[in-house]
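I would like the entire structure built from these sequences, with the hints used as guidance.
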Amino acid sequence: MSFAGSAAVEAAALGGDQHDAEPGLHLVDLGAKAGPASERSFLSAARGALRVLVPVGLLAAWQTVSGLGLVEPAVLPSPLTVAEAFGELIGTGELQAAIPASLHRALTGLILGAGTGLVLGLFAGLWRIGEQLFDAPLQMLRTIPFIATIPLFIIWFGIGEAAKVALIYAAAIFPVYLNTYAGVRGVDPKLIEAAKVFGLKPRQISLRVILPTALPSILVGIRFSAGIALLALVAAEQINARSGIGYILNNANQNQRTDVIIAGIIVYALLGIVIDLVMRWVERLALPWRASLVFA
Amino acid sequence: MSLHDLSGVRAAGAAPADLSPWSEEGRRFGPVTARLRGVRRIFAGRAVLDGVDLEVRKGEFVALLGPTGTGKTTLLRILAGLDRADEGDVGVAAARSVVFQEPRLVPALRVWRNVVIGHRRSAASRKLAAAALDEVGLVRHADAWPRTLSGGEAQRVALARALVQEPALLLLDEPFAALDALTRIRMHGLVQQLLSLSNRVVVLNGGRVRLDAPVDMPRPRARTDRAFENLRQRLLAKLDVAADEPPI
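Residue numbers (the numbering used here), protein chains in the order written: chain A, 787 to 1082; chain B, 1496 to 1743.
Source of the hints: derived by calculation from the structure; they are not laboratory data.
One or more hints might be untrue.
Stated by the list, open to error - Calculated pairs, BS3-like style, for lysine-lysine (alpha carbon to alpha carbon, straight line, at most 25 Å):
hint : chain 1 : residue 1 : chain 2 : residue 2
1    : B       : K1553     : B       : K1567
2    : B       : K1733     : A       : K982
3    : A       : K976      : B       : K1733
4    : A       : K987      : B       : K1622
5    : B       : K1567     : A       : K982
6    : A       : K987      : A       : K976
7    : B       : K1622     : A       : K982
8    : B       : K1567     : B       : K1733
These figures come from a predicted structure and were not determined experimentally.
Shown next as structure tokens:
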């Protein structure tokens, strides 16, 4: 694309009679994207294909390596063997029994933990007394890697369900607390000032101005908590699980069934993806006013 | 007219004799909506307001001028009830509202909810919001989110939000300063048309009122008008701008 003409127009616009003496400015091309639309759609299709091709290629390489017997099946079984393990788990009904059991633990811990984090975060964000009471202790507890507390939880709650749910609960509190507190504190003080001028009482300011404005931050906290709850679930299910995905993994470990172990790990990964998708969907529903911020 | 007591540490005494230059003119306008006497506000040892006396009546459009840092915004914040005077008496109408320099709309609430933010969500408040938005020409945007508005539209919503309060005292803190020149002219026209006010100009300098004069030339006003030019020169003098300085 040539800009010789435009440069002359620009010089004339700036200086009038200077355009003879000065050489044309170098203009950066910020016009419409080069190439016809069909070419562009081909490019984006090729990029999309690349995104699929790499994982598929990796899978094929894994299958080849394992299928040719280059790796011991006990170390790394082939993808097909893992798929068969999946079929076996579904056939015996183990998987169908395990997923609800695991989800129940994770969700119970998450709902209680996120609820606690939300209440504490709102309290600390809205009232100074709340901040003074529990911000410092929570900030200290937050630095403890929750996995390190597992022995303590076993002593306190035994090796049954209570210890598992308690661990998930404890881990899920902090992301919601931190993000709620930061979200509430992050509301523009000018908005609160304007609300005061228009006669809103503190309770109305909280409900009409602060909470809706802090909601994106709160939801980010819940999304983080959901991820951590899954992590805590995996850790908790290592403690003497009698049901759930952890139980499948434990059994497979004792029976040297690497294929089943990998299948179980994949189930955990899928749970993580599903939780994230659900949270994104909730965010889109809860924050319609932010939709205008998303570009393409 | 009941005035809210917003005075400083020295409680308001009984209203003394009217010191305002408008005491005789007062009959032309409505009741007093703001009364300041000897108002002082001190920030870090410096008196930003150093004994301000001012009285505003209903129906007056008072333009407050002053170099930067002379306490225009401080005065406005005191009138709005967002700041307190350190000394002096302040009485302000309870029904007052403010249009700030920025729109200050809650991004999570639809335009119409922002307009009636002081009201409960109801069919009646929705109607009220629609009427106010109609006045500023934005009724189509009642269900829009604030982020989708342009700067001028957002400021018009802020104006509608202020008008919904049916204020006896409307405080405008350079609400159109951030807008482009054309939009600004249109917005000034809108305010004039909505409020059809008479005019008065007050110059604040060095923490005190230095000039308080009516602007009673008929509209439209030409810059070449003799009376207009006279007033302009007086204002510039009180603002410490030499009269022969070229206009900016």
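Item to check | Pair hint outcome, K976/A versus K1733/B [Cα-Cα no greater than 25 Å] | outcome: It is violated: about 32 Å lies between the C-alpha atoms, which goes past 25 Å.
Next on the checklist: Need the status of pair K1567/B, K1733/B: alpha-carbon distance at most 25 Å?
Outcome noted: Status holds; Cα separation ~15 Å.
Next on the checklist: What's the verdict on K1622/B and K982/A, does the C-alpha distance respect the 25 Å limit or exceed it?
Outcome noted: Given pair K1622/B, K982/A holds - Cα atoms ~23 Å apart, limit 25 Å.
Next on the checklist: Would the hint linking K1733/B and K982/A be met if the CA-CA limit is 25 Å?
Outcome noted: violated (35 Å)
Next on the checklist: Need the status of pair K987/A, K976/A: alpha-carbon distance at most 25 Å?
Outcome noted: holds (16 Å)
Checklist entry - Hey, K1553/B versus K1567/B, does the alpha-carbon distance stay inside 25 Å? => result holds (20 Å)
Next on the checklist: Hinted pair, alpha-carbon criterion (25 Å max): K1567/B, K982/A. Please report holds or violated.
Outcome noted: holds (20 Å)
Checklist entry - Holds or violated: are the alpha carbons of K987/A and K1622/B at most 25 Å from each other? => result holds (23 Å)
Violation of the numbered hints given earlier is confined to hints 2 and 3; the remaining hints are satisfied by the structure.
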